[in-house]
Structures are given as structure tokens and as C-alpha cells.
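Asks: Next come the chains, spelled out residue by residue.
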Amino acid sequence: MGIDFISAEFDVVRDDARCTRCRVCEKQCANGVHAYDEKNRRMTADETKCVNCQRCVAFCPTRAIKIVRNPNTFRDNANWTASVVNEIYKQASKPGVLLSSMGAPKNLPVYFDRILINASQVTNPPIDPLREPMETRVFLGKKPEKIRRRPDGRLDCALEPQLELALPILFSGMSYGSVSYNVHKALATAARETGTLYNTGEGGLHKDFYAYGANTIVQVASGRFGVHKDYLEAGAAIEIKMGQGAKPGIGGHLTGAKVSGDVSATRMIPEGSDAISPAPHHDIYSIEDLRQLVYSLKEATAYKKPVIVKVAAVHNIAAIASGIARSGADIIAIDGYRGGTGAAPTRIRDNVGIPIELALAAVDQRLRDEGIRNNVSLIVSGSIRTAADVVKAVALGADACAIGTAALLAMGCRLCRSCHTGKCNWGIATQDPALVARLNPDIAARRLINLLTAWNREIKELMGGMGINSIEALRGNRLMLRGVGLNEKELEILGIAHAGE
Amino acid sequence: MLQKEGQVRIPSGCAIAAVISKTGEKIGGEKIVAGIRTMHERSNGLGGGFAGYGIYPDYKDFYALHVFYDDNGARTDCENALKDLFEIVKAENIPTRKNPAIKDAPLIWRYFVAPLPSRVAAMQIDEREFVARAVTRINSTFRGAYIFSSGKNTGTFKAVGFPEEVADFYRLEDYAGYSWTAHGRYPTNTPGWWGGAHPFSLLDWSVVHNGEISSYDTNRRFIEMFGYKCHLKTDTEVITYIFDYLVRRQGMTLREASSVVAAPFWTTIARKPEEEQRELTYIRNMFSGLLITGPFSIVLGFSGGLLALNDRLKLRSMVVAEKGNTTYIASEEAAIRAMEPDLDSIRSPMGGEPVIVTVNKGVLEDGN
Amino acid sequence: MKIDASLYTHRALNDLLRSRTDETSVENCLGLRFIGSGLSHGTVLIDGVPGNALGAYLDGAKIIVNGNAQDAVGDTMNKGEIIIRGNVGDAAGYAMRGGEIYVEKNAGYRVGIHMKAYKNNRPALIIGGRAGSFLGEYQAGGFIIVLGLNDDGMPIVGNFPCTGMHGGKMFLRSDCRDVFFPEQVTARPAGAEDMAEIKPYLEKFCDAFHYNPSFIENAPFTVVTPDTQNPYKQMYVAN
Ligand code: SF4
Ligand code: SF4
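Residue numbers (the numbering used here), protein chains in the order written: chain H, 1 to 501; chain A, 502 to 869; chain V, 870 to 1108.
Bear in mind the hints are in silico, worked out from the structure with no lab data behind them.
Hints may be right or wrong, so weigh each one.
As the list claims (entries may be wrong) - No farther apart than 27 Å at their CA atoms in a straight line, the calculated lysine-lysine pairs in the DSSO-like style are these:
(1) H/Lys49 / H/Lys90
(2) V/Lys985 / A/Lys824
(3) A/Lys824 / H/Lys146
(4) H/Lys146 / A/Lys734
Note that the coordinates shown come from a computational prediction; the quantities given were computed from them, not determined experimentally.
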């Protein structure tokens, strides 16, 4: 209280007439908001601890609870907003870097929402996606410049290693440690079931999940946690993580508290020790060093796995991507400004990087201008929220999209953005065994499968409307997009015309 | 002001027809006109055109350039550029006759040229690539000049009008060739521009097309990586470049190239023998940006043959018929019957099934 | 009465056909479209190749073509009969709701697409040869019968037959071992009851094209029916 007091962001509103004092909310809230007042035989709430994860709301059997915005306000100020002011109070109280999680919540333009998709009328027919064949199979990987023939004259069909996806959606890298065992299990199951891949993130691969190798991308990040030969060989592809959209230019830091038992074994570091990923790979200070890392990984795996290089979308992304395309990498993954994270410095998350739509458009065009678009495939993420986003991204030039936050939402995440506290009430971003147990991996997998199935149907519907029956004919098909309310420069970068043109 | 092709992409529907003698016999231009005329309903007078093969036997070793000029200034500029690259053995107006329906004719010239060997050698590319680049460069950098035909012993004739009027205008009956293609155009929203009519040609390739493809920008952006420039923003243009790229530059067979643009569905591929599965999967993966979706039926003309192809869903109709040594192709059977009432056989090829007809089984007298 | 089609526009020809009650012979036909559109009475005999949309919206008249017909024969036809002594092009019988179409030889793509039945109207489309891909797409009623009497060695039906079928019956004179049907339909050998249903059509076919009905006995028929009237319900979630 006093000068340090920051008024709660939310109010816990309980309908006392409905409340049966069952104390479910108390059990469900790992933040200790709810308590039972024996004397007065009623529930109380310490709303200052509430993060609005909606867990108690979802589990209250009589639907007695609502979490609402606290009406208490500062004097209106469009410049000094309440969050800015509160952040100053926090830093005045403790000299720390502000830490946040999930993607940037700031109100910057979401270009996907300002792009509209075409449909066929008269001059060519739309196609009925429910009945006619609609193809969403995607191959990721390098394509050679020229065909080759065998001595008998037939086509030599040998290609560098490729990834085959049943639909243009993968799961983004989320490390075991930042998310729970059950989350990985659900992702692995869903990836196998739907014919796509999940991504280990930088925390290594739990021994239980080696069996899902054909549907796994194993990540190699600057901390090299859990990276060893078996790990590299376990996956279908290897991803070198140079950066991520939520925190370009920043490494990672999993606090020792989360490095317990299995996490320690998987990451191959002692229990309780901090897991620190440096900002750069200390063997890559320049583009030619990247080539060295790409090829060292290819050598280690006998050129059997495609190598992905994941970068954050930053200002110079087109040139960076061009460099990567020439580094021997098979696939470039670009993560946009709004990409999610388990923990990132707030200032970085909210102020560094560029939106994925612009980055993607610039990269795709640049690679085409240089005639090397076929050297690499493009995966984009950060943030892909709907099937329409996927369609727009593919039409801008992406080969596939990766989803992280959307996948977590499917598993129950309520976007309370408190992953960095490790007390995720939904059993996702936590290692607390009691909380982890809340997420049933079978149910979570089913929900992920539902989501991908539904999106794939919607992608087909949108494609059918455009008269396109195979995803490859949508890729880079910018004529199918129009901007609304975008200025000339934005349209130029996106390479699309304005609606009405 | 309405924009023309190149400034804007204009969708159009159409009628196509083609005829070829498999023994290389000469067929007069009037024959193909009889066929395309019956499909008057399928065009709207905003574009018609023809391509004939084997029509310049006296100059068969020279590239025949057909050029539209806005004015004589454009012609002088372009001719200067041509002289720099080619030996011009003959330059002339293409003979035309007045037809009340054909208006606003540009200047229409024809040149028989041979690339200057020193220039070709200096660029270290083969002769055909040299000609292709020269055409691309002139069409993209010279205002008011447009080369619309550039093959050897072949020529494209096109204009704004119904195809039968265009044929009359160009005196098509004065030409005879071993094969012909024809097109009647139905563009949606344009006053029509001569250059935008079909066939679209590059070197000895010519394409006539019916339908509007939905993969256009994917195809365009892919092919433009390899030095092509889609000036006209038309389907025929991009389709011509795709075949040029796959066949001439990648060395694929016409059949393989057809499997790129009208690839079988994955479910269909899965039922093929293993070796074929591998090849088709490879082809779809390798050239995924060149898959064409949406309705199309095309006839691709080239030295010594024709290829007819429907989209893989067969959203446009096309019939192929035989009579003796002659093969007929058209959007409608009626057009074929107009060329030859008494046929030996007639059939509709399946979606994505290429029909390839060659003269003398592919052996041409000029060794092309 | 004999008419030289080359002297008529489609509008003039149809005006004439509407005014007539008995048989009309249309000769020298080469691509003239819309012949018999909406016609409710009389008989039209056609020599040559009629153009697209022959007998569209036909409402009771009878059309006989001595030769091949092009695309969209009997489009949305309601009543009447069309007999083609040759091949038909694509989309024959599109959305037909009643009446009968008999084709002696082969049919193109998307034949019988969205054929439906309503009350006493049960359309039937009988093809003597083979049919192209997407046969009976979205079929919602009526009969599609393909006899496979073609001798060109091609399969009786192309790819993707019965996609979206949700009503009616399809009969293929084949064991259909090589035909891939979609999940939501059932294909089974036709029984005596099934055959009894289509007997009148087969008889008429033999009659129209002078065939000996022995072919009915010498090869098995497969009958295809949809599993449900609402095959796509589970595809949607309320929002
Ligand atoms: S933190 Fe979550 S569970 Fe706890 S009170 Fe707030 S909304 Fe309810
Ligand atoms: S993962 Fe958990 S902690 Fe993170 S935002 Fe979602 S619900 Fe909140």
C-alpha cells in the first residue's frame, strides 16, 4: 500500500446468490486470489493477484464469477496511459527490466485485417471445395535450378531432403520448459495425426517423444540445450534459431526454478540451474558463419534433413533472407513482430521488429528479384490467427505458416500473458506438476486436430471461391489480394492493389 | 480512360480452333477461318487471330518478326535497334485489305531477320535465347513498338475484330501452312488492343487459349524469375513463357511440361505405378509455381506440331478429330465439322490429357 | 416440315418450333445453340451438330439428334425426352428435374451434375458408352445409368464420380472394381429390385438405338446410393 500501490487491473465480481461456497475457484486459482472466510461463511477475493486467466470463471459450477476491468482509473491521458504510468511505478519500486509474455498487445496495424481476398464471378468459376478435389499438400525444401535426367532418359527425381505437409500449417517452436510436457505430447500427437510437424523449441526433446520424430522439427538455438547427435537425427528437420519475433536480438532465460527433473534431463543441464540462451550464436557473427553452421548440421546428419533458419522479422529482413537463401539453408522461417513468447522484455517485445505481413512480402519479392525464391521455402509466423491469415500469407508468398499462440489457445490458454510467472492455471506455461496435470494431453491433442481440420476446411473454402484447387497456385498469387485503407507505400511493399482497383 | 493490356489485367473467354497435317501438306488459311467462324457466339469482336506454321517457305531459315507500330517514329527507333542485333534480309508492310469492321489499325510490318553472329557470340547464349531476349527487350523498352510474332517459318496475325474479319483483313487465304491455330476473343472490359488478341507468340511458340486461369499471379511471379516479362498480363502470355521455359530451357518433353501445368491430382497420382508416382510427385514439387488452376483449354503451336491441353478439371470443352492425315481441334464439334464434315473419328480428351500432334512424327524438313 | 438450320438464328428457329405441334426436321445444323429451349410440345429431329444448351429447360417436347451433341444438353430440363444418336459433351443433364435423356455413345465431364427429383418428377439419364470425370456430381435425385458399351477400352467412368451425391441412384454396368467412390456413398451389386426399377429405361434405350437387350444379362451392374441427405453437416460450427 502507499506509494507502491498499483491498483488492480481487474475486479473479481462474484454473484453471492449463485455462489454455493464450493471453493472450486480457490482450488483452481494458483495465484491465490480466492479464499474462504470461515467466519462469515463466504468467499473473498484478493483481486490484486488476478491475471484474468478466466480459469475460475470457466470452472465455477454456478457461473457466479466474472472478471471485469477495474473501473478505478487515473485521470484520462492519451499520452500517459495507465499502463505506461503503472510501469513507471513498478520500475521506480524495483530497478528491473519489465518482463512480459505472449505477443505484443499494442494497437499497431494488423495488415492481415486490411487485406481482402478475391472470389471468382462469371469470368471463371469458383470451385466447390466440399465436393471437388482441393489440394493443400505442401513440400518444403530446396528445388534445383534444372531438371536432370538419368542415362535412360527418364527424369532423375532425386531432390534435396523435403518436408511434406498435408496442409500449409505447422506448430511453432515452443520449448519444453517454457511449456509443459503435456503440451509437447499434445502437439506431437496432433502433428502426427494431421500430417504436419511440431517444433521442439530450444529445450531439447524429451525421450518419450523420439517416437514422433517424423513429425518433429528439432531446434538448435544459441544455448544448444539438449543438442546431441541422437537429437539431431531424431527429427524430420533441424531448425537453427537465430531469433524470434517477440524478442529480436535477445536470447532466452529459463529460470532455474523451472529447470527441474525432466526439464533438466531434456536440456542436459543440472537441475535448478538457469538455462540461458545467449543473444547470438557465438559461432555466428556473420553470414558466412551461418553457412558453416548449416553445413556442420548437414554433415552431422548426412544431408538427410532439411535445415531451417529461423529469424525475427527486422528492418533489413529482405537482405537477411537473401543471405540465408544463399547459405545452404533449405527453409527460412520468419517470425513477425507480434509473435508470442514465454517471456520477453516488454520494451523489446513491444518496440522491436516489423509486422510479418510486410516482412513476408518484402522477402518473397526480394528472393524472386534475385531469382532464388526456389532455393528456399518460406515459413511465416507471428501472428497467424485464422485460416484467412494463412490464405493471405500464402498469397503474399509464404509456403506455410507456423502457429504458436493459436495452438495454445486451442489447448485452453486464455491469453492472460502471465506465462513468465510459471503459474499458468491452464497447465500450459508451467512446470508445476499439479498445474501440468490440468492439461489432458489427449483432449488437448483432439482440440488441436479439430482446429487444424477446421482451418484446412476454411482454407479450401477460400481457395474454392477463388477458383483455385491447389495451394501451390495460391502461393505468391498477390492478384488475389486487395488492400483496404492502406497507403501507397504499404501497398507497394505488400505488392497488392487497393480494393476497387 | 479504359486501360489496355499491360496496364491492367483483363479476363476474357474465347473460342479456339486448330488444324494440322501430319504429313506436312499445305492447308490454306481459309480452312481454319471456316472453323472459327462457326463459333462466332464465343467471341465478341474484341479480338481475333491466327498463327500459321510453314507459311514462309522462301524465308524458312530466317526469324519472321511481325511488328505493330503506333507511328513511323516508333518504327524508325525500333528498326535501328533491330539493325543493331540482326541482319534484316527483307522488310515490308504486311499486306492487308480494307474491312469495315477493322478499325484503328496500327502500322503492321514484317521483317525476315538473322541474328548477327558476332552479337550472339558476344552474349554467349544460343541463337534462340538471343532472339527471345531481343523481343522481350524491345517490347518492354520501346514505346509504340510491339513484336507479336518472332518464329521461323511461322507467323501470327491478329487484330481487334471477329476472327473472320481479322482473317479477311490479313488476306489469310493468301497463306498456306501445315498447321494453323485460331482464336476468337471475348474480353470482359476493354476496348480491345491489337497486341492483346491471341495467339500470343514467342519464337516459334504460339498459344491460343480459352478460359481464365486463377493461378495467374503465381505463374507470372514464378516465371518472371527467369528473365521473362509479362507485359500484357494475359493468360496466353504467361502460358507461352511457361512452355518456353519448361521445354526450351529446362529440356522437358511436351508431355512432362503438360504434367506441370495440368498436374494430376494427388489422389490420381497415388494410383499410378511407383515410377510414375515418383516422377509426377517430383514434377509437382519442383515446378509447383507453374501449376495452372482455373479453366483453360489451349492449343500450343510450335515448329512441326501442336499440343492441345485442357485444365485438370476440364472446365472448358475441347474436341479433337481425325480425318486421314489431318487432325482438327476446336472448342466445339461444330467448328470441326465446318472444316471437315466427314470425320474418321472424334473425341474429347480428358482434363489434363495432352494431345500432341507432330508433322512426320516430329521430323521436320527444315530440321528444326 | 423440314427446316434448313443454316438459314436461321437461334431465336427465329425457336420461335418457329414453338409455333408447331407436330414433327419438325431441322437439317444442316452446325453449332446453332439453344435449340428447343423451354419447348413444351412437338418433336424435333436434328441432323448435324446442334450447338450448346440443346433442349435447355425442356418442358415436354421430344428432341432427337442424328449425331453428336455438344455441351450442356438438357440443362435444367423439366419434362420431355432427348435422344442423342452419338456422343454428348460436358454437363449434359445439368440440374435436370424431370424427363429422360438417352445418349447412344459416350458422355463428357460432369454429366448429370446436380440432377434432382421433386414430387413425381424423377429424371433419368442413360448413357450407352462411357462417362467422363465427375459423373453425377452433387446428384440429388433421379437415375443415372451408364452402360459401358463403348469399345475403345476406356473405363466406364472417369475420376471422382458421385462427389457430393446426396440423393438418387446411379447404375454402372460394371463390377466397378477400379472405380474410386467418395466416402459418403455406398456402391453395391445391383439386385433384382434395383434392376426392376431401371428396366423401363433400358428397354427404351434398346428401342431407341436398336440394341439387343442381351447386354443387360451379360455383365454385372453396380448401384450407387448416398449414405445421407446431408453429407456435410459435420463440416460446420455455429459462430
Ligand atoms: S487469476 Fe485466473 S483463476 Fe485466479 S481469480 Fe483471476 S481469473 Fe480467476
Ligand atoms: S499460456 Fe497460460 S499463462 Fe500463458 S497466456 Fe496462456 S493461459 Fe496465460
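Asks: Compare the structure with each hint and give your call.
Replies: Right, here's what the structure says about each hint:
no.: 1; hint: H/Lys49 / H/Lys90; verdict: 15 Å, holds
no.: 2; hint: V/Lys985 / A/Lys824; verdict: 40 Å, violated
no.: 3; hint: A/Lys824 / H/Lys146; verdict: 40 Å, violated
no.: 4; hint: H/Lys146 / A/Lys734; verdict: 26 Å, holds
The structure fails to meet hints 2, 3 from the earlier list, while all remaining hints are met.
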